[in-house]
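One line per chain: the protein sequences are A and B, in this order.
Sequential numbering from 1 applies to the first sequence in this note's numbering.
Sequential numbering from 1001 applies to the second sequence in this note's numbering.
No lab work stands behind these hints, which were simulated from the structure alone.
Built from N, CA and C at the ideal position, the CB exists for glycine as well.
Don't take every hint at face value.
[What the hints assert, rightly or not] Some chain B residues judged to face chain A by a derived CB distance under 10 Å, without partners named:
no., residue
1, A1051
2, S1060
3, G1270
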Amino acid sequence: MRRARLGPSIVSLLLLSCLINVEAQQQGVQQFDAPQAGARSPRAASYEIDVTLDHAARRLTGRETIRWRNISANPTSELQFHLYWNAWRDPESTWLRERRLAGAFTPPRADAWGSIDVTRLRVRGVELTSQKRFIAPDDGNAADQTVMAVPLPSAAAPNETIDIEVEWTAKVPRPFARTGYVGDYYFIAQWFPKLGVLDDTGWNTHQFHAATEFYADYGVYDVRITVPRGFVVGASGRQVERTDVGSGQARHRYRGEDIHDVAWTTSPDFVEARQTFVHPTLPRVEMRLLLRPEHAGQEQRHFEATAAALRYGGEWFGPYPYDHLTIVDPAFQSGSGGMEYPTLITAGSRWIAPALVSQPDRVTIHEALHQFWYGVVGTNEFEHAWMDEGFTTFSEARVMEAAGMPNYLAPRFFGGFIPWTIRDIHLSRATDGNRLPGYRDHAEADAPSTPTFRHWPATATYISYNKTALWLHTLERHLGWPVLQRILATYFDRWTFRHPQPADFFSTVNEVSGRDLGWFFDETYRGSNVFDYAVQSFTSTRAGDRYRTVAAIERRGEAIFPVEVVTTFRDGQRVTERWDGRDRRVIYTYERPSEALSVEVDPRRVLLLDVHYTNNSATLAPRAREAGLKWSLTWLTWLQELLLTYAFFV
Amino acid sequence: MTTRAWLDGWGRVLRAPAIVAGMFALTLAAAVPFALVLRGEIEAHLGRSLAAAAAADGVSYDWWQEFSSQASGIGATFTPLVLGFASTLDHVSSVLDANGETAALAGLAAAYVLVWTFLSGGILDRYARQRRTRAYGFFGASGACFWRLLRLGLIAAAVYGLLFAYVHRWLLDEAYGRLTRDLAVERTAFLWRAVLYAAFGALLVAVNVTFDYAKIRLVVEDRQSAVGALRAAVAFVARHTDRVIALYAVNALAFLVLVAVWAWTAPGAGGAGWMIWGTFAGTQMYLLARLVLKLQFMASQTALFQASLAHAGYTAAPSPVWPESPAAESIR
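Could you build the full structure based on these sequences and the hints that come with them?
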């Protein structure tokens, strides 16, 4: 065997990655983030909110008292608030500018806009309303009003607690970003003036961006929601009270502890169902389902999907720490499906939902798993969306497979209403569940280490969701599931009710696996290079009484990963080589009595990020002609039918 | 009379198997060159990869998606919608949703329709005469009627173009959008869409049936004027609305029965070896049946028209030279 190697050392890359790691670890730290006595979280920002929905006017009127504790190491002389609904106040908000960049955007109609106005703000009894101003820390967009800053009468010292009183009114939009109304269905998210997160480097209060979500401190939310009597309400937390307040209205009080957000929904049409998740070693969880009437009969699918997420999430990562979870089946056209909020998720089903197709199961599992990666481990979704979306996508695919849920391809026809299940195509966990096709087409769009809110809006999800899921699964195959499971469980345990940074996960990986995987994160996290290993040439020719087999393996992408190269001979023998994958090319030559049959690069498909797996193998008995015949005949009949359809017009 | 025309139509179709065979061969021949191009693309993409074995033995969706990511032109139309009954749904849905085709396939479809237009003269002539006309007679009639059928076809194309460009957009985009804008129930939205499909479909059928009879009058009555034939067709449909609609409905019902049977029996991807040809043969049977139904529309409508004529003298006076008008067949 001869082996040719070409290429540079990567010592410099490793050194650079260490430097970047040190740098990353200094971001986002909060000095006093230990759980408060008797609590599970630091409870740095707790809200008492009283809100009333004016159904006729589509408006909210609210007041809140925030008990906020400065858990950073430094004093602060101002407060910063998110006013998310101002993203839909006018077309010049950063959210709408970015949404237009993403393309395929229809301008909202005149009655679709939403907004939020703070009408009063007091701190320690001092009126500060007139001192509020809008800031745009991310892009300097003077027209954006999604972040409000207010100077404090006196600086808030580290670990000091202050009370903040806010009053506001808001116009409920037609659906934007999973928020708004359609008919008499409301989904109300990111709806109240909400503090940013203060860490040791200052305020982390990003503007609302089209491609990213949210970030907030943990606390206790005590929310009183007044809606028309007869409207069913679901909200983060657990319902503790319901009272009629006259004028045809009812007040619903929800309380959630150690959560970092609260969303709610209301509609007179919800059908309510409850089941309890029971597991021999995990805490019981009451699952409350608010189902649309037209989806009657799909209750069990929602419950089973949620239970699967709670079960496997609990077994693999750690127990779901709350005793309740509300699943909302969103209204048609509400745009509120497939979203996570603490102890409340929105699923998303269809009127016709075939049993062999994974809707609504998959989205329900995904959002329920966000309770672990987002809800309990409080990642900064503005900057590191991959830490929850990617983890959740990976976990979702794994749960789907573990739970044995049917998952066939089902395109929809006739305006998207009528599905047809294609039983020939069962979607796989590895490539479909982890969403390889989307990643393949946008692999170089952005590097995950770039703050997510700076990603190109049209392709951000492919990096946050797809790429992360693919590299996590690659890591699973590289290290083995028991190791990765320990990594995830350790990481979950350490960062429960806290805000981890990327370096915190990477250090957990290195520590638990006992390996330095910095090189792997250089490729997957810090870079946007693609992986593409290929068989460049493969021959096996008679040389005397033996065969000379030559396999040239090529690295076509710039990203590097060690791969196995397996050559199979006609006598059944297999030779496995382990190539570090660094050089541009490696050539293996064998002199053996048997002719070779095939060569495969990464035959176990450890490297799921390889964007072109077809070129990973070559055989001396190729069947491309047979496959070409089969599929061209299949397509031929499709084309004939197309022509016959056009014959209608003759 | 409707039932008699329908049965009569079947007789005319079955007694002219050469037309069925010829049109089937035409449809196949039109598609084969494109399929060969796709075959070349698939083979080139698979090369000597082991992925070819998975693709040959069943469905390798993983490979398929990788192929699609780099495909363009006709390769981009090679999607899972080509599998089994999804193909039928795809085509019917595309018409009702006014989805366009790729440039290559739109060109092929236009050429195919043009050839149909040419052959329509011979087909209608044969079905009207109810006797063998041989190739000479068939193509003679096709040639003699081509330019007038083409003129009629251009009018039809303009009307269909207006329907899809304006009426469809108004109904299925604008009206549907307005009607469903505040709907929170998917089922109700679909109901509205179904109603609008029905409205658009009714217009489509009205135009289709009118032009069908215009072609029949053009050929059977040996008319020269496409506009005249169209006016005569409108008059015919107006005078015999019940029969025309009933016959169209019976034929449409037969089509729906065929599609329903196909939905249950359509083969999937199948395996390698002889199964490739077995699967192909099965789908060809379905396509043959669809073609026969298309021809049955033409034959039965011709039969209804001829049965509805008061007497042969009603038709325009035909020249009794070959290819004379098939109306001459009725002169006794």
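Hints, verified against the model:
no. : hint  : verdict
1   : A1051 : holds (5 Å)
2   : S1060 : holds (8 Å)
3   : G1270 : holds (7 Å)
The earlier numbered hints are all upheld by this structure, with none contradicted.
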